[in-house]
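Taken in order, these protein sequences are the chains called A and B.
Take 8 as the starting number for the first sequence in the working numbering and just add one per residue.
Take 4 as the starting number for the second sequence in the working numbering and just add one per residue.
Rather than coming from a laboratory, the hints here were simulated on the basis of the structure.
Note that this is a predicted model, so its numbers are computed, not measured.
The beta carbon of each residue, even a glycine, is placed where N, CA and C say it ideally should be.
Heads up, some of the hints might be wrong.
List time: in silico DSS-like cross-link candidates among lysine-lysine, alpha-carbon distance up to 30 angstroms [what the hints assert, rightly or not]:
1) LYS168/B <-> LYS144/B
2) LYS109/A <-> LYS115/B
3) LYS74/A <-> LYS23/A
4) LYS115/B <-> LYS144/B
5) LYS172/B <-> LYS115/B
6) LYS144/B <-> LYS109/A
Stretch by stretch, here's where chain A covers chain B in the computed footprint (C-beta under 8 angstroms, at least three residues) [stated by the list, open to error]:
7) 7 to 19
8) 25 to 32
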Amino acid sequence: MAAEPQRAKALDELVKGLWRENPVFIAVLGLCPALAVTNSLTNGLVMGLATTFVLVGSSLLVSLLRKVIPRPVRISVYIIIIATFVTTVDFVLAALMPVAHKQLGAFISLIVVNCLILGRQEAFSSRNSVGLALADALGMSGGFTLALALIGAVREVLGNGSLLGYPLFGEGFEPWVIMILPPGGFLTVGVLLVLFAWGKARLERRWTS
Amino acid sequence: MAAREPGSLRLMATLGFAGLVSGIVLVGVYLLTQPRILRNQWEALNAAIYRVLPGTTSVTTLVVREGTLSPYEGATGTVPTEQAVFAGYDEAGVLVGFAVPADGPGFMDTIKLLYGFDPGRRVIVGMQVLDSRETPGLGDKIITDERFQQNFRALAIDPSIVAVKRGEKAHPNEVDCITGATISSEAVVGILDRSAREWAPVLQPAGAARGEEGHGGRTAAR
Chain A
8 MAAEPQRAKA LDELVKGLWR ENPVFIAVLG LCPALAVTNS LTNGLVMGLA TTFVLVGSSL
68 LVSLLRKVIP RPVRISVYII IIATFVTTVD FVLAALMPVA HKQLGAFISL IVVNCLILGR
128 QEAFSSRNSV GLALADALGM SGGFTLALAL IGAVREVLGN GSLLGYPLFG EGFEPWVIMI
188 LPPGGFLTVG VLLVLFAWGK ARLERRWTS
Chain B
4 MAAREPGSLR LMATLGFAGL VSGIVLVGVY LLTQPRILRN QWEALNAAIY RVLPGTTSVT
64 TLVVREGTLS PYEGATGTVP TEQAVFAGYD EAGVLVGFAV PADGPGFMDT IKLLYGFDPG
124 RRVIVGMQVL DSRETPGLGD KIITDERFQQ NFRALAIDPS IVAVKRGEKA HPNEVDCITG
184 ATISSEAVVG ILDRSAREWA PVLQPAGAAR GEEGHGGRTA AR
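Just chain A, with the same shape it has in the complex (with noise of 0.2 angstroms):
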C-alpha cells in the first residue's frame, strides 16, 4: 500500500533534476565543466555522461553505505568514492574513447571537484533510501546532460556552423568563432539562464492564475 507514495515521491525525484531544480539553469551549480567543455555537442554530451556515471555510482554506494560511514569523516569518505568513479571513467574513456578523452583533457578528472556530485551526496544520498538516491542522482545527472548538450548545440551550430560534426549550412556560413571561445561559453550560458528564469517564471504565474 506504501509503494504507491513511494513510487510517486521518487518519480518527482527524478523530474526535479530534469526542470524544476535544473542543477546548470536553475542551481546555478556544476558552471565550470558547462563553460570549459561545451564548445561542441559531442563533448557536452560525453562530458555530461561522465558525470551521470559517477554521481549515479556514488550516490548508490553512499546511500548503501549511509549508516556505517561514521559522520566525523563522511566528506572524505565521499571524495575518496567520488574519485574513484572519477578515474574509473578517466581510464575507460581513455580507452575506449582516445578522441573525446583528449578534448575534454583535464575536465574529466575534474569532474572530482563538481560541487554538483558532493553536493547531492551530502544533501540527498547520505540522507535517504537506494531507491530514491537512485532517482535523484538519475534526475540530476539527465538534466545536467541536457544542459550541457543544449549548450554544446547553440555554440557548435552558431560558432562552427554544424552539429554533431555534420555541416549544418553551405558554404557561405561565416562562423561566429566567438562562440566557441570561452566568451561564447558565458554569452551562452547567460542567455538560456534567463530564457529559463523566464520561462520558469510564466509557468509560476500560469498556475497560480
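Chain A is already provided as a structure; the job is to place chain B on it using the hints.
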C-alpha cells in the same frame, strides 16, 4: 541526547578501509585499460609516421643511446619511453626518411608535432600536429589549413627555416604563415627549426642502415 561520537580508531579504520578498497579497484581498472590505452597511443603515432613520410611501407623504431641511434628493443606496438625517432623504408627497403617527434611552446600551450625528415636532401617532407590547444577557429588552422600543410612537403632546413607572410614564400626554406594564426604558425616553424638543427647531425642515412640490419623494432608492413 546526542549520539556517542565514534572513537578515533573507528574513524581511522573507516578511512583506511575506504582507501584500500579504492586502491584495489583502481589497480584493477588500470590493469584492464592500460594495454588498450598504450595501443591507442601507438596507433595514433603510427598513423602519423606513415603520413609524414610519404611512400613508407615499413617502420623501424630507433632510440638514442649515448648520442647514437640504436634499434628499439621494447615490445612492438608500444611507444618507447626514451627519446626515439622512426625510420621509414619503402617497398625496396630503401630509407625514405625519419619521422621525428618535437614540441615547443605555442600560443596557448605546448604544441606537439611529428615531422618527416629526408637526411639525404636535408628537407622536411611532411608535418603533422599531434597535440595542441591552439585557439579553435584561428590557431588550430595549423592542423586544418591545407595551404599551410603544403609548406612541409619539401621544406629545406638550410640555412634555417624561416616564417614569412602568406604569399611571400620565395625560397625552399621559407614557410608561408596563416593569416590570423601568425603566432601559432611561427611557433610551428620555431619548433621545426630547433629540432631539425638538433637532429640533422644524428640522422644520417648511414645511421639508418644499422637499424635496417637489426630489424629490431620493425613493425608489420602496411
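Results for each hint:
no.: 1; hint: LYS168/B <-> LYS144/B; verdict: holds (15 angstroms)
no.: 2; hint: LYS109/A <-> LYS115/B; verdict: holds (13 angstroms)
no.: 3; hint: LYS74/A <-> LYS23/A; verdict: holds (26 angstroms)
no.: 4; hint: LYS115/B <-> LYS144/B; verdict: holds (15 angstroms)
no.: 5; hint: LYS172/B <-> LYS115/B; verdict: holds (25 angstroms)
no.: 6; hint: LYS144/B <-> LYS109/A; verdict: holds (18 angstroms)
no.: 7; hint: 7 to 19; verdict: holds (count 6)
no.: 8; hint: 25 to 32; verdict: holds (count 4)
Of the numbered hints listed earlier, not one is contradicted by the structure.
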